[in-house]
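Visitor: The task is simple: from the sequences and hints, build the whole structure.
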Amino acid sequence: MHLKHKFILLSIVLFIANIGFFMRTNQIISESETKRMQNEITVFAQTLIPYYLNGNLNLIYKMGYNFGYKNIDNIPRNAQILKEESNGILYFKIFSYDSFIGFSISFLEDSINFVKQKDNNAWNNYKILILLFQLGLIFLLLFFLFYQIMRPLNKLKDSINELKNGIYAKKLKINQYDEIGLLFRDFNEMNEKISRMLKARELITRNIAHELRMPLAKIKLAISLKDGVELKEDLKKYIDSLNRISQNMLEFERIQSEGFELKNDEFLSESVVFEALKDLGGNKISLNIIKSIKIKGDLHLLSVAIKNLIENAIKYSDDGVVDIELNEEGIVFINKGKELQNDISYYFEPFYRGDITKSGYGLGLSIVKEIISLHKMNIIYKYDCGRHIFILCFKRNIF
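Just so we're aligned: 32 in this note's numbering is position 32 of the sequence shown, and the numbers increase by one with no gaps anywhere.
Hints in this document: simulated from the structure, not taken from any laboratory. Each statement offered as a hint is correct.
Calculated pairs, DMTMM-like style, for lysine to aspartate or glutamate (alpha carbon to alpha carbon, straight line, at most 20 Å):
1. 116 x 40
2. 296 x 270
3. 171 x 189
4. 315 x 343
5. 376 x 266
Guide: Shown next, in the form of structure tokens:
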């Protein structure tokens, strides 16, 4: 429920509760006051009856006047009878009308009737107490609501301070679905993006010097030992390696950046493979198209992922051969090679180290992982009969 709706609902509840409380309190006090006055009148009437039976009316009128009563001729027609007693000869009634309460004593054909103003002092005395109680109740409810709002906001403040101080903030748990819950969700998304971006930049900054050292050393060695055509070929190979490093780093940084937007184009699965293969000429690659399917996604990024998978397969293949198969599930990459020393998840981390990294720069498979994750696709790995098999599944984005 939105905060605005909560405030409106709370205001309505408080308004209705105050009215209900006021009416019920007024009813209780009124009933209590009426009962008190009935008892008072009963005692006073019992005092007057002997004088009434003796015919001493002047004394009765004087006593009534002294106690705040006034004499009336008859009981008003709109009066409500509150109490009625009789012994067959003497009749006694207590009645109420408008703001008056009174009594009647009848004997034979004669009667006396007295009324007095109802006492509102009791209600007036309780007004301040009731008002203070209602204000206290409203204050407690508002304090509870304020506490409910401020408690999660304080958590958010602490997380923002952690993020500001360079500490990766913990994911905030969302227990409510109002504006604060939406704010928590947006913060979690922002925190995740910032954390990923900072980690990516941290990894790149920490490893870039090390990654460039090897190809640069090879270039330096080639220049000092070789000349002519052989030198040019080696230089081209090492420069291509440097170019791949820089391209992978730039691509990795781009997809980690906050303003990155994923395209959602429509194309055939064979198109993305051909896009990846156009810069890989001269390699032993076999392509078997069993079935081409339509997919949606970013053609360039998917081609980068496929190119990295192919280059990885070529680099670590025993015979330099890579078999690619297109079927209704996705794209399968197969190459012969030794079994991995670590779990496959290890090699999908940026700048991994292991036996599989011959001249490796440790970014290829991590870029594949990021691109596949962005497209909400799956990648499956298995090792079977001396062969590494990667399956890029398009199932989630097939239409």
